[in-house]
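Spelled out from the first residue to the last, the chains are:
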Amino acid sequence: MSEWWTYRLTSFLLFSPRTYYRLIELYNVAIWPAQLAGIAIGLAILGLLIGKRRHRERIIAGLLAVCWLWIALAFHYQRYAQINWAATGFAVAFGCEALLLVVVGVLANRLAFQTATGGVAWIATSIIAVAVVGYPLLAALTGRPWMTAEIFGVAADPTAIASVAVLALVRGRIRWLLLIMPVLWCAMAAATLWAMGAPEGWVVLAAGLLALCPALPGPRRDAMNASQR
Amino acid sequence: MPSRRRALRMLAAAGACAVLRPATGLAQSRTVLTRPIPSSGEALPVVGLGSWITFNVGDDPVARDACTDVMRHFVAAGGRMIDSSPMYASSQDVIGDGLHKAALTERIFSADKVWTSSGARGREQIERSRQKWQVRRFDLVQVHNLLAWQEHLPTLFAMKAAGQVRYVGITTSEGRRHRDIEQLMRSQSIDFVQVTYNPVDREVEERILPLARDRGIAVIVNRPFRQGALLRALARQPLPPWAADIDCASWAQIVLKFIVSNPAVTCAIPATSNVAHVRENMNAAYGRMPDAALRLRIVAATERA
Numbered sequence: 002m003s004e005w006w007t008y009r010l011t012s013f014l015l016f017s018p019r020t021y022y023r024l025i026e027l028y029n030v031a032i033w034p035a036q037l038a039g040i041a042i043g044l045a046i047l048g049l050l051i052g053k054r055r056h057r058e059r060i061i062a063g064l065l066a067v068c069w070l071w072i073a074l075a076f077h078y079q080r081y082a083q084i085n086w087a088a089t090g091f092a093v094a095f096g097c098e099a100l101l102l103v104v105v106g107v108l109a110n111r112l113a114f115q116t117a118t119g120g121v122a123w124i125a126t127s128i129i130a131v132a133v134v135g136y137p138l139l140a141a142l143t144g145r146p147w148m149t150a151e152i153f154g155v156a157a158d159p160t161a162i163a164s165v166a167v168l169a170l171v172r173g174r175i176r177w178l179l180l181i182m183p184v185l186w187c188a189m190a191a192a193t194l195w196a197m198g199a200p201e202g203w204v205v206l207a208a209g210l211l212a213l214c215p216a217l218p219g220p221r222r223d224a225m226n227a228s229q230r
Numbered sequence: 248m249p250s251r252r253r254a255l256r257m258l259a260a261a262g263a264c265a266v267l268r269p270a271t272g273l274a275q276s277r278t279v280l281t282r283p284i285p286s287s288g289e290a291l292p293v294v295g296l297g298s299w300i301t302f303n304v305g306d307d308p309v310a311r312d313a314c315t316d317v318m319r320h321f322v323a324a325g326g327r328m329i330d331s332s333p334m335y336a337s338s339q340d341v342i343g344d345g346l347h348k349a350a351l352t353e354r355i356f357s358a359d360k361v362w363t364s365s366g367a368r369g370r371e372q373i374e375r376s377r378q379k380w381q382v383r384r385f386d387l388v389q390v391h392n393l394l395a396w397q398e399h400l401p402t403l404f405a406m407k408a409a410g411q412v413r414y415v416g417i418t419t420s421e422g423r424r425h426r427d428i429e430q431l432m433r434s435q436s437i438d439f440v441q442v443t444y445n446p447v448d449r450e451v452e453e454r455i456l457p458l459a460r461d462r463g464i465a466v467i468v469n470r471p472f473r474q475g476a477l478l479r480a481l482a483r484q485p486l487p488p489w490a491a492d493i494d495c496a497s498w499a500q501i502v503l504k505f506i507v508s509n510p511a512v513t514c515a516i517p518a519t520s521n522v523a524h525v526r527e528n529m530n531a532a533y534g535r536m537p538d539a540a541l542r543l544r545i546v547a548a549t550e551r552a
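So the protein sequences, as listed, match chains Z and C.
Counting in the working numbering, the first sequence runs from 2 upward without gaps.
Counting in the working numbering, the second sequence runs from 248 upward without gaps.
Because the hints were derived from the structure by calculation, they are not lab data.
Bear in mind the structure is a predicted one, so any value in this text is a computation, not a measurement.
Think of the CB as a built atom: it goes at the ideal place given N, C-alpha and C, for glycine as much as any other residue.
Any given hint could be a false lead.
[To be verified] Covered stretches of chain Z, as calculated for chain C (at least 3 residues, CB under 8 Å):
| # | stretch |
| --- | --- |
| 1 | 5–14 |
| 2 | 22–28 |
| 3 | 72–85 |
[What the hints assert, rightly or not] If you want the ones that stay clear, here's a sample from chain C, every Cβ over 10 Å from chain Z, calculated:
| # | residue |
| --- | --- |
| 4 | Thr281 |
| 5 | Arg319 |
| 6 | Tyr335 |
| 7 | Ala336 |
| 8 | Ser337 |
| 9 | Gly343 |
| 10 | Asp344 |
| 11 | Leu351 |
| 12 | Ser365 |
| 13 | Arg384 |
| 14 | Ala395 |
| 15 | Glu421 |
| 16 | Gln474 |
| 17 | Glu550 |
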């Protein structure tokens, strides 16, 4: 790209905010009542993280994979690609994340969660709860119609935020592999929303960064929790 | 940004003869103002229609109908040139769909672009774009942002020779790669050049617009309102009394008349998805135009905004 310094964030925005939220609205109408399944999956993941059910790692990975694959196909490929030619690439990336979750988490059973306690537990569960229950409220809070609400499991932004929160609790280096796509999407979503002048951009960025905290180097958290799997 | 003194010097150099119609003493005419395409003499209305962002509405039937209405009012008001690009996502589909529904395909001047880094894929992309527009052939195909112009220009010239396109052009925006644009204007037999120009972004007045006149190249002006930012800034000040002297009822019309009153400009292409706005924009293609003194006042007003 020549004279790259002359480009601004808005130079890359292909659509108006009205078109974007209208796309979400039409998507929500078309997939109803899949949103209920998305919220149920989100609450189930929250419950599984708090509880100690057997095979919870496999179940959580499988549930997240379903959400990422759904968004890849039903949102990015079928809808978002209408107004953003890059969305076909997003669909591939979301599909890869789904595949990774299935291979690493379900088939190889390589996920092991930290036993979240104290601040770490509070951050992780709060972010997931916000992504599942709170994020849809942003539509009304920012003056948009309810039908433009973005819901965990079927909308990319809250799903990526909650995925960062969940995957940041995974022990070992494997978590970074799984975190690449959700973190990149939070950054991409924040940039898009800023370019649209939407305040939700700050919410996505703040939630994404906060959700990442449990994955950051701490006082030998992995070692402390190594025997608790 | 050029200073007012510099702007005055440039305008003086252009001379009073550069102005289309002096603001004083002329009654408003309801004949749409046109400019000839230098390479053919074909007359084009000086206000066209862009589609960046505004026509990228996907499959939304309500928004598509609104875009069709915009094109219907645009043509009814005397407009002809509609400009798009494969880069604008669904815009080409929306234009083609709307033109077909409103039976306007034969009445417009279709201006599109080739936008791929692969020279080999240029023809294929232009054909895909043509199918989306649902036109027999494009009137004008431009190399978008000079991307791979070395490969695309020979293709476009060959297509023009074969009667598959009528005119060939190159584009840039927001002041990028002006040196390359100038070089191509001197070395290639292009019919059109597309640049950004408005009362704030006037860099093209110095070299590109005079060169276009010298070389007989038609000029399309994009981003006349800086994607709306200029009008939002101007809205903070009341419409000046002299707006009536050039038959303007809004800042949008003042800005458009500033642009198209430059004799090198062939057509400005404001983008909108709003019927009221397209009618307002098209009204700028009618009536009296600013003279050199009034153009300076427009520059001064925009610099205050």
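Hints and how they fare:
1. 5–14: holds (count 4)
2. 22–28: With 3 residues closer than 8 Å to chain C, the stretch 22–28 of chain Z meets the three-residue bar; holds.
3. 72–85: holds (count 4)
4. Thr281: Holds, since 31 Å exceeds 10 Å.
5. Arg319: With a cut-off of 10 Å, Arg319(C) remains clear of chain Z, as the shortest Cβ separation is near 20 Å.
6. Tyr335: violated, 7 Å
7. Ala336: violated, 5 Å
8. Ser337: The claim breaks: Ser337(C) does not keep its Cβ more than 10 Å from every Cβ of chain Z (closest is about 5 Å).
9. Gly343: The claim stands: Gly343(C) keeps its Cβ more than 10 Å from every Cβ of chain Z (closest is about 14 Å).
10. Asp344: Per Cβ check, Asp344(C) is outside 10 Å of chain Z; nearest 13 Å; holds.
11. Leu351: Non-interface label on Leu351(C) holds, nearest chain Z Cβ at 22 Å vs cutoff 10 Å.
12. Ser365: holds, 15 Å
13. Arg384: For Arg384(C), whose nearest Cβ neighbour in chain Z is about 24 Å away, the distance exceeds 10 Å, so it holds.
14. Ala395: holds, 12 Å
15. Glu421: violated, 6 Å
16. Gln474: Answer for Gln474(C): violated, closest chain Z Cβ roughly 7 Å.
17. Glu550: holds, 21 Å
Hint check: violations occur at hints 6, 7, 8, 15, 16; the rest are consistent with the structure.
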